Every structure is written in C-alpha cells, then in structure tokens.
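Q: With the sequences and hints as input, model every part of the structure.
Which chain is which? The protein sequence lines are U and E, in order. Residues 441 to 554 in the working numbering are what the first sequence lists, from first letter to last. Residues 1176 to 1289 in the working numbering are what the second sequence lists, from first letter to last.
One or more hints might be untrue.
[To be verified] Below 25 Å or equal to it, Euclidean Cα-Cα: the simulated BS3-like pairs (lysine-lysine) are:
1) U/471 - E/1284
2) U/471 - E/1276
3) E/1284 - U/497
4) E/1217 - U/497
5) E/1284 - E/1217
6) U/497 - U/458
[As the list claims (entries may be wrong)] Computed footprint of chain U on chain E; a stretch qualifies when at least three of its residues, placed anywhere within it, have a C-beta under 8 Å from a C-beta of chain U:
7) 1205-1217
8) 1248-1259
Simulated from the structure, these hints should not be mistaken for lab results. Remember, predicted model here, so these are calculated numbers, not experimental data. Even glycine gets a Cβ: it sits at the ideal position worked out from N, Cα and C.
Here is what each chain is made of, one letter per residue.
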Amino acid sequence: EADIYQTPRYLVIGTGKKITLECSQTMGHDKMYWYQQDPGMELHLIHYSYGVNSTEKGDLSSESTVSRIRTEHFPLTLESARPSHTSQYLCASSELGWYTGELFFGEGSRLTVL
Amino acid sequence: KQEVTQIPAALSVPEGENLVLNCSFTDSAIYNLQWFRQDPGKGLTSLLLIQSSQREQTSGRLNASLDKSSGRSTLYIAASQPGDSATYLCAVGDLQGGSEKLVFGKGTKLTVNP
Chain U
441 EADIYQTPRY LVIGTGKKIT LECSQTMGHD KMYWYQQDPG MELHLIHYSY
491 GVNSTEKGDL SSESTVSRIR TEHFPLTLES ARPSHTSQYL CASSELGWYT
541 GELFFGEGSR LTVL
Chain E
1176 KQEVTQIPAA LSVPEGENLV LNCSFTDSAI YNLQWFRQDP GKGLTSLLLI
1226 QSSQREQTSG RLNASLDKSS GRSTLYIAAS QPGDSATYLC AVGDLQGGSE
1276 KLVFGKGTKL TVNP
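A: Rendered as structure tokens:
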C-alpha cells in the first residue's frame, strides 16, 4: 500500500479564500506531481517537482502555486479561490518517474468553491 | 498533440464474463502505456505497464496488449468479479521536448453485476 496522504479529503469554501492542499509521502520519493481531475474527464498535470527546491508547471494552466521545501511535502496553494477551481486534486509520487510504472497516488482532495 | 481515447465510456457486465476495454492514442511515438484503476472518490492504482518495445503484460486475470503502429491498447479482464467494478484509465507516456508527459484518457467505468 502506498504511503502518500492528502488533506483535506473534502473542502467547501467561499470565493476569495486562500487554501492549501497538503500532500505528504513517506517513501522518500524525489518526484512528486499534482493532477487536476474533473468528473468523467482526464487527469491533467498542473505541477511537478523533481526534488527539493524544484517546481515546474504542468500542461494545464493553473492559478495555483506549489512549493517543495522538504522531500516529503508538496503543498498546493490557491491564493484566492474561485468557483472555476472546483475540482478534484490528486497528488502522486515516484522514485524514478512515471516511466518505471511506479507512480503512487493519494486519495485526492475534492475542492468545492461556492 | 497526443490524445488518448477510451471506448466504451461505460460498460456493465454480469459476473464471470470476460471483457475487453479499449484505448487508442494519436501519436505512436510513445515511451510506454499504463493501465490504472480508480475506485470512486479514490486515487489511482497502477495495474499494468507496457514499455514501447513490448507487446503485452499480464497480471493475474488482467492482460494488456499494445500495438504501437496502430495506436491501440486493450485491457482484457478474465472471469470478471463484482470487485472489479471501478473506472479503468489508460495513460501513454512520451518525452516530447525532453519533458515528461503522461497523457490520460477519460476512462471506462466498469460495473460487474453479481
């Protein structure tokens, strides 16, 4: 079983609030990813990191930001949430990268912005 | 731009039936192809990884095939069980422009009825 955790699992907030979605893994993986998934739709990569102090934007433009100060943590922040940010956010990690097949996902954070 | 299509979008079968899920992709220059399982409200679990040089991979009752030249993959599930009910996602990986890209399909929602 993968040791990657996301909090909160569910969050309902009002427009304009600042939120941080937490992602932690205990496997010592260097590579971490954030995906966004709307119901019935594809996953889209919004951020990734190859290690401490490394962050890159993914394919899907996102108003969120990420940080990687410690290997085990990869939090995602929205400074001012809007209804268009309503979605499920999935965090994943890998030791060597997705091309090895070892990509471990958290259970997701479902965000609803009113 | 790589696009991944999964047909059908949903499938309902009686327990014990053998079934095939389909995945097609537009650009055959892929690094690998993966099949994932996603249970409702959960993250993804990797099922099978097929490298571009391989034709198929097997794990228990699951068999995945890859035909790069035609841009197609199938996931065969033998003797389906109610516990197989989930959404199955196909994802192709390529290294366009030197950066990792894992492109997902929208998934096939499978329901196995007792």
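Q: Look at each hint and say if it fits the structure.
A: Tested hints:
no.	hint	in the structure
1	U/471 - E/1284	29 Å, violated
2	U/471 - E/1276	14 Å, holds
3	E/1284 - U/497	30 Å, violated
4	E/1217 - U/497	24 Å, holds
5	E/1284 - E/1217	14 Å, holds
6	U/497 - U/458	20 Å, holds
7	1205-1217	holds (count 5)
8	1248-1259	violated (count 0)
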